[in-house]
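Protein chains: 2
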Amino acid sequence: MRPPWRGRYPRSVTFPVVGMVGGGQLARMTHEAGIPLGIRFKLLSDTPQDSAAQVVSDVVIGDYRDLDTLRAFARGCDVITFDHEHVPTEHLRALEADGIPVRPGPDALVHAQDKGVMRARLDAIGVPCPRHRIVSDPADVVAFAEEGDGFPVVLKTVRGGYDGKGVWVVDSAEEAEDPFRAGVPVLAEEKVDYVRELAANVVRSPHGQAVAYPVVESQQVNGVCDTVIAPAPDLDPALALEAEEMALTIAKELGVVGHLAVELFQTRDGRILVNELAMRPHNSGHWSMDGAITSQFANHVRAVLDLPLGDPRPRAPWTVMVNVLGGDYPDMYSAYLHCMARDPQLKIHMYGKDVKPGRKVGHVNTYGDDLDDVLERARHAAGYLRGTITE
Amino acid sequence: MRPPWRGRYPRSVTFPVVGMVGGGQLARMTHEAGIPLGIRFKLLSDTPQDSAAQVVSDVVIGDYRDLDTLRAFARGCDVITFDHEHVPTEHLRALEADGIPVRPGPDALVHAQDKGVMRARLDAIGVPCPRHRIVSDPADVVAFAEEGDGFPVVLKTVRGGYDGKGVWVVDSAEEAEDPFRAGVPVLAEEKVDYVRELAANVVRSPHGQAVAYPVVESQQVNGVCDTVIAPAPDLDPALALEAEEMALTIAKELGVVGHLAVELFQTRDGRILVNELAMRPHNSGHWSMDGAITSQFANHVRAVLDLPLGDPRPRAPWTVMVNVLGGDYPDMYSAYLHCMARDPQLKIHMYGKDVKPGRKVGHVNTYGDDLDDVLERARHAAGYLRGTITE
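Residue numbers (the numbering used here), protein chains in the order written: chain A, 1 to 391; chain B, 1 to 391.
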């Protein structure tokens, strides 16, 4: 088996070039994971100040929505992958037509870009989802509600939402008017009676190898991921297996290459339903940087290069990730003294982003044998960095 | 406690800039360790092709032997540290006089630059070394031999040697002529009857905090480090403690800031003697990247910034590092398929360097419960990458 770039550089002894579209923290951490593999990174970033642009040597500043920019960027890349899912599907098809491997490819990625397409496809392959339907106006939302258990109903624009944006929970026809104002198709979903959120992270390579990380519990605050516990505590092993198999099935059936995060609801009556899909390294997998034998970022790089995947198993009984959100105090560096002195095992991951209230600017990982202790350490550090804990 | 750069950027919310002199693999891996901390790296590199220059965004190409170049580079850095020990001592003093923190400082670093100064200082603080003396000519080497057990005698130029270069083992006055030709002072040492080589790695910060990594066994082949086993197998705990304390004493007495590697002989009669010192992350500490809670590179960054140090303890019972040397086959990337498929837990660290026979171009780490298995996996992978194992 010969990797795809070999034919392009027959006399070269250099390692492949991975083109990463998007300069956010996922690109930054993917670059970090690529360094030890000798992989060369080329970054397409909106600005030189973007998180990844600060640490990558080969950066192109440009707009990923412009096909000419993408095409010029892709020249000299052996494969293109993504920090986010916002590149227009037709541009990805154009790059593929130019002969550039795009991973994940447009046919897979559309399921992470368009919630309507995603729901239809998951229905078709028999993956359990919340009851759902594309709705056309507030009256249709009322009809959707009456077909089930009534209000509240969850409305989502099919494209463009993230971290709670583009999502509404409505109790009436009047409240259902906002989502239609953007002119984007709106998906209605039942408000699931869930006990917690889980995430199943898998990585799949072009030749079909796939690995599953342990299913994690993901705790949201105001619609934003706050805490991830790996593995999910007190999860029935049969349900964990079902979630892993579900994620592997989705990856295979949708032709995903790279990392796939499947966000799940664990319902009060013991089922799991798919909430969202993300086809890139994901916040629910950040624990793996310090908690797994192979991190999600390293495995994403290996997958997009069609290299054999690394072992996804945990290195410690418990790993906890807590996001560091921006607070009122912009200087997080001075908090290092306290955090590092208090917990010499703490793992800090900062993204080099300007601190703005509520913005994800980093995360911390802790691991160990005692979940209470591991949780306390991560929460304390994240709170101290944010400024909500001052002692 | 306020970090030293705070006064320089009173209104800045940015993180400190670490200036790294030298673009080799140690700089590359230090940069990798600095990314999650949000530390900004500025690199002074000989060429844009150097190992670290490939992956650092802020690179100055220049000659570290030129004081003006160093001074211009140091502007905008909060602290200067090093990939190697070759910067002239007087240049470091000039930078310090300019107000730039240099870590380790010239008074410490000279002990890693000049073996004569090092031996004199270790004698003065009572650290056991091989019998040694500065010798002036071949006749003086004969005299040195006769003062002890006779030939062979080890001769070393006091400056400029590494990886076996600048070292001679001589059996007669005639053989002792070569080392004097360079015009550099020559140190004579007894040929120690050792059973193995060990290394004690410690990290010390400006305010005096220090941590000790477990003492490792370092196996050399043709004067070049080949395999490191952490911790050193079958090492008497009292001897391990003595080695750690010795390294901590040296770090303190010499005023080392950052990583200090103390290469040791374990003698047949059960003593440990200091062979060499290195004041930077060191090959004998590469295992810590995957095998310790905090890697030597992360702790070096923390030390030079006077941040609290991270836990140096191992994460697995055994970790093995084997260097990947260049072989006859220049394309190491295609070997990834076999190596990764054979061992999904393997950790590869490549430096982006051109493959030349015998050159250190990377290393692999393995860890686990069974030393024989861990050793076999690392040796197989390194051999396969080099091309000496083909199945």
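These aren't lab readings, by the way, just hints derived from the structure by calculation. From a predicted model like this one, the values you see are computed outputs, not experimental measurements. Mixed in with the good hints there might be a few duds.
[As the list claims (entries may be wrong)] Every beta carbon over 10 Å from chain A, so not counted as near; a handful from chain B, in silico:
1. Glu-32
2. Pro-36
3. Gln-54
4. Val-56
5. Val-195
6. Asp-226
7. Glu-242
8. Glu-245
9. Thr-267
10. Leu-307
11. Asp-311
12. Asp-328
13. Leu-337
14. Pro-344
15. Asp-372
[As the list claims (entries may be wrong)] Which residues of chain B face chain A? A partial, calculated answer using Cβ under 7 Å:
16. Val-55
17. Ser-172
18. Pro-308
19. Gly-310
20. Tyr-336
21. Gly-352
[As the list claims (entries may be wrong)] Cut-off 25 Å, straight-line C-alpha distance, at most; resulting in silico cross-link-like pairs (SDA-like, lysine to any residue):
22. Lys-360(B) - Val-17(A)
23. Lys-356(A) - Leu-337(B)
24. Lys-353(B) - Ser-172(B)
25. Lys-191(A) - Gln-209(A)
26. Lys-252(A) - Thr-14(B)
27. Lys-252(A) - Ser-172(B)
28. Lys-191(B) - Pro-206(B)
29. Lys-353(B) - Lys-360(A)
30. Lys-252(B) - Leu-337(A)
31. Lys-360(A) - Phe-265(A)
32. Lys-353(B) - Asp-58(A)
33. Lys-360(B) - Ala-341(B)
34. Lys-353(A) - Thr-14(B)
35. Lys-360(A) - Asp-63(B)
Note that beta-carbon positions come from the ideal geometry of N, C-alpha and C, so glycine has one too.
Hints versus structure:
{"no.": "1", "hint": "Glu-32", "result": "5 Å, violated"}
{"no.": "2", "hint": "Pro-36", "result": "4 Å, violated"}
{"no.": "3", "hint": "Gln-54", "result": "6 Å, violated"}
{"no.": "4", "hint": "Val-56", "result": "6 Å, violated"}
{"no.": "5", "hint": "Val-195", "result": "33 Å, holds"}
{"no.": "6", "hint": "Asp-226", "result": "20 Å, holds"}
{"no.": "7", "hint": "Glu-242", "result": "24 Å, holds"}
{"no.": "8", "hint": "Glu-245", "result": "20 Å, holds"}
{"no.": "9", "hint": "Thr-267", "result": "34 Å, holds"}
{"no.": "10", "hint": "Leu-307", "result": "6 Å, violated"}
{"no.": "11", "hint": "Asp-311", "result": "4 Å, violated"}
{"no.": "12", "hint": "Asp-328", "result": "12 Å, holds"}
{"no.": "13", "hint": "Leu-337", "result": "6 Å, violated"}
{"no.": "14", "hint": "Pro-344", "result": "4 Å, violated"}
{"no.": "15", "hint": "Asp-372", "result": "19 Å, holds"}
{"no.": "16", "hint": "Val-55", "result": "5 Å, holds"}
{"no.": "17", "hint": "Ser-172", "result": "44 Å, violated"}
{"no.": "18", "hint": "Pro-308", "result": "4 Å, holds"}
{"no.": "19", "hint": "Gly-310", "result": "5 Å, holds"}
{"no.": "20", "hint": "Tyr-336", "result": "6 Å, holds"}
{"no.": "21", "hint": "Gly-352", "result": "5 Å, holds"}
{"no.": "22", "hint": "Lys-360(B) - Val-17(A)", "result": "22 Å, holds"}
{"no.": "23", "hint": "Lys-356(A) - Leu-337(B)", "result": "43 Å, violated"}
{"no.": "24", "hint": "Lys-353(B) - Ser-172(B)", "result": "39 Å, violated"}
{"no.": "25", "hint": "Lys-191(A) - Gln-209(A)", "result": "35 Å, violated"}
{"no.": "26", "hint": "Lys-252(A) - Thr-14(B)", "result": "43 Å, violated"}
{"no.": "27", "hint": "Lys-252(A) - Ser-172(B)", "result": "71 Å, violated"}
{"no.": "28", "hint": "Lys-191(B) - Pro-206(B)", "result": "36 Å, violated"}
{"no.": "29", "hint": "Lys-353(B) - Lys-360(A)", "result": "36 Å, violated"}
{"no.": "30", "hint": "Lys-252(B) - Leu-337(A)", "result": "22 Å, holds"}
{"no.": "31", "hint": "Lys-360(A) - Phe-265(A)", "result": "23 Å, holds"}
{"no.": "32", "hint": "Lys-353(B) - Asp-58(A)", "result": "17 Å, holds"}
{"no.": "33", "hint": "Lys-360(B) - Ala-341(B)", "result": "24 Å, holds"}
{"no.": "34", "hint": "Lys-353(A) - Thr-14(B)", "result": "9 Å, holds"}
{"no.": "35", "hint": "Lys-360(A) - Asp-63(B)", "result": "40 Å, violated"}
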